[in-house]
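2 protein chains.
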Amino acid sequence: MTDNIQSNNHGFTPDEAETLPVIEVLDEDNRLRSQYVDQVHDCLDEDDNEQIYRLVQPLHTADIADLFELTPRDDRGKLALALGDLMSADVLAEINDYVREDIIDALPAGQVADLAAQLETDDAVAIIEDLEEDEQRAVLDILGPEDRAAIENALSYPEESAGRIMQRDLVAAPETMTVGQLIDYLRVRSDLTTEFWEVFIVDPHYKPIGTCQLSWILRTPRSIPLGDVMKRDQSLIPVDLDQEEVALRFQKYSLISAAVVDDEGRLVGVITADDIAHIISEEAGEDILRLSGAGEGDINEPIIDSYKARVRWLVANLGTAMIASFIIAQFGAAISSMVALAVLMPIVASIGGNAGTQTLAVTVRALATNQLTQSNTIWAIKRELYVALSMGVSIAIIAGLGAGYFFTNPILGAVIAAAILCNIVIAGMSGVIIPVILDRLDQDPAVSSSIFVTMITDSMGFLLFLGLAVASNIV
Amino acid sequence: MTDNIQSNNHGFTPDEAETLPVIEVLDEDNRLRSQYVDQVHDCLDEDDNEQIYRLVQPLHTADIADLFELTPRDDRGKLALALGDLMSADVLAEINDYVREDIIDALPAGQVADLAAQLETDDAVAIIEDLEEDEQRAVLDILGPEDRAAIENALSYPEESAGRIMQRDLVAAPETMTVGQLIDYLRVRSDLTTEFWEVFIVDPHYKPIGTCQLSWILRTPRSIPLGDVMKRDQSLIPVDLDQEEVALRFQKYSLISAAVVDDEGRLVGVITADDIAHIISEEAGEDILRLSGAGEGDINEPIIDSYKARVRWLVANLGTAMIASFIIAQFGAAISSMVALAVLMPIVASIGGNAGTQTLAVTVRALATNQLTQSNTIWAIKRELYVALSMGVSIAIIAGLGAGYFFTNPILGAVIAAAILCNIVIAGMSGVIIPVILDRLDQDPAVSSSIFVTMITDSMGFLLFLGLAVASNIV
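Line order of the protein sequences matches chains A and B. If you count by my numbering, then the first sequence holds residues 1 to 475, one letter each, in order. If you count by my numbering, then the second sequence holds residues 1 to 475, one letter each, in order.
Worth flagging that the hints you see were computed from the coordinates, not collected in a lab. All values reported here derive from a predicted model rather than from experimental measurement. Wrong hints could be hidden among the right ones.
Copies of the same chain look alike in the list, so a pair counts if it works inside one copy or between any two.
As the list claims (entries may be wrong) - Pairs of lysine-lysine, BS3-like flavour, derived with a Cα cap of 27 Å:
1) K231 x K308
2) K308 x K382
3) K78 x K382
4) K78 x K231
5) K382 x K231
Between the sequences and the hints, there should be enough to build the whole structure, so can you do that?
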């Protein structure tokens, strides 16, 4: 199915791409080799800026960004200064937010403004939105009036909304324009953006009525009006839509680029798939960090921020553990007369906690990807009930037989089996119902579900096991 | 910064996009409304195929795919048959793998082959690779020889590799061809693909030497050779590269499309950003499911598969819990003479487990996104040590004071404080070191890390607390 144009066999410099020295500094997974990074760091220690420049020059901007992330915090400013003109706007745009702050602090505001002015609006906004207010002011003041207006406009939209991540540089045309007119226009207007993937067809009010992929334009005779080439059906992104929703639309409709419209439906910007890739990754990766209470979870985050985010979670966890301890304390007499209870009780709580976490992970992912909606909630709960019941029976049998045999006490075996079965079912039900309720209440199900679920599985684990043990008169 | 072409004010049908009936069936998060889904299901129950067709006709293919996922398993085949020609190849391509199997089972092999033939190779492969071998044969036999060869070729590459997800339809040209020649060629060759975003420039051996974005071609005069328009520096994807690595390259280099090359460096296909979006989401979402032992974690997975994946994990967990129980059993005498130990010991284990999970989540994400490499491993371990120490001290003080006060036993308070501090540090260290070692051994750190970490934090929690209690002579 490959289509190609036959080569005419002259004027080539074959294999040129393969001789790029970039390849030598990357390992098989396309990451910077540690030997290479060490070499740069050694030069930094020796203040050998010339050698640093030579080493870094062949790198792609994305790799220079990685190099900064792999450089100790105190040396980042020094590296930025050593790189001179290699320290381009694109490098700055691709760097981790926390690492970027270190670098910007080391660069004069004038240079930061120069770098920001070279960027497309979305990247410039990403850099400027993280600055302190006075630094923001300083950078904005240096920018030209047009850039400043565009960036201030972007900053007026909510954080993490389409308005923050869109580009304003785009190409729009009326539907009566012909393919030939468009091509002529694009050739003469040198001030137009060169980075666009679709032409948006707009009405006289600048409202999008269709899109043309550039490939369709290239394949169409000059005389045809764009209105006959365009696709009318399109996904318009409201400018205040949350970036997570934007990412979901790109995935759902397999978009390469999409028009962003304001409240009146007028075209104000464009978002392209390359801007979306890291948002999808971030949003999908966030759930795991939130479920485990690890905050932002960025390894470049200052230690104090990581400490604050995580310790809050552990304090909450201390609270739920104390509830469980309080339950155990009610059974003090039983435990001191039958130590086997103390030996076995953590098993019931632990298995319940794990079963709950499994269901929680599945439910949080299904909610985040819009696979679990109101239409199939009842079905999903039933599904988890069946899974939990079958797992509960299996684990209860193993644990019950094991405990009964080991302590030569079949009733104790029956007690732990019953407690495990019930706790796994409770875990499964709370693992699906709690995040669904939080989602229905417009809360992020990943943030607080696991505290509730662990509290329930711990407490119920001890209560069921110790309660059944006392009730069965084995103590 | 917006560039646009002024409208010339005639021939418009404004607001046409807004009158698309699609909008009415979607909620504010762009998901199918449950009322709408119920309506379709009611028609299915009444076998009112005409009404179903009318209801579904205005939907985007991605929404039809969602409708199938929201339809009970037994009704999916019925819905597919009711939709007739709305059941297009694109719908099939966008449907969840498990749900697709239900539908394919309901459709005759001839229709499946017809649908597969309409698709681009990557989508056709995604459908066919999931079929049973005899079904695969049946479908392949019906396809034309060219399509069959392309799909068989794709199936010869490893699962989840670039060769499986690439499209073979692409446009390649020699660097001596001019912009004008290319445009003329594209206009006359009706058999060429209409879906492409870049033209690949190849040498006589069909090795890529550069790429041209279509926007650059559109903005360049006819007489200029493509060699002067193209960008030489490009990211070539080896055909056997794992899709996770492909996704990382798209993110790292902000790619819209990339050339795929075989072992000899010849151009064999193209991967575009829209194919990558769902892979990024899947791969990032997978970690949370793996860390919690939830297997594939797809809510459309058959219950028996979910049961198998998850119960295996709970059995392993039962094993680690038994090790912890064995440790507790060694301190039976201490516990029966001082029940407070049984009351407090789960706190130490639980806090350790949570601290370990936090570090694990951060480390697994950092490894998956190539942020944690050999160059900064030592630094990352030190970082986690500092975070763990500061959290350990904080939680130890709270828990120690609380326990000492509540049990009016300051030594008991000191014992639990020391045990918690040590266990949080152990948790932090194992939470970073274990996944790093697994990654270095080319194992997926998300799959088995948490079993090891939980085993360590549970066992050490009980051992430290009970051991210190006995050693301090408070029992």
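task = Check each numbered hint against the structure and report the violated ones by number, ascending.
result = Going through the list in order, the structure violates hints 1, 4, 5 and respects the others.
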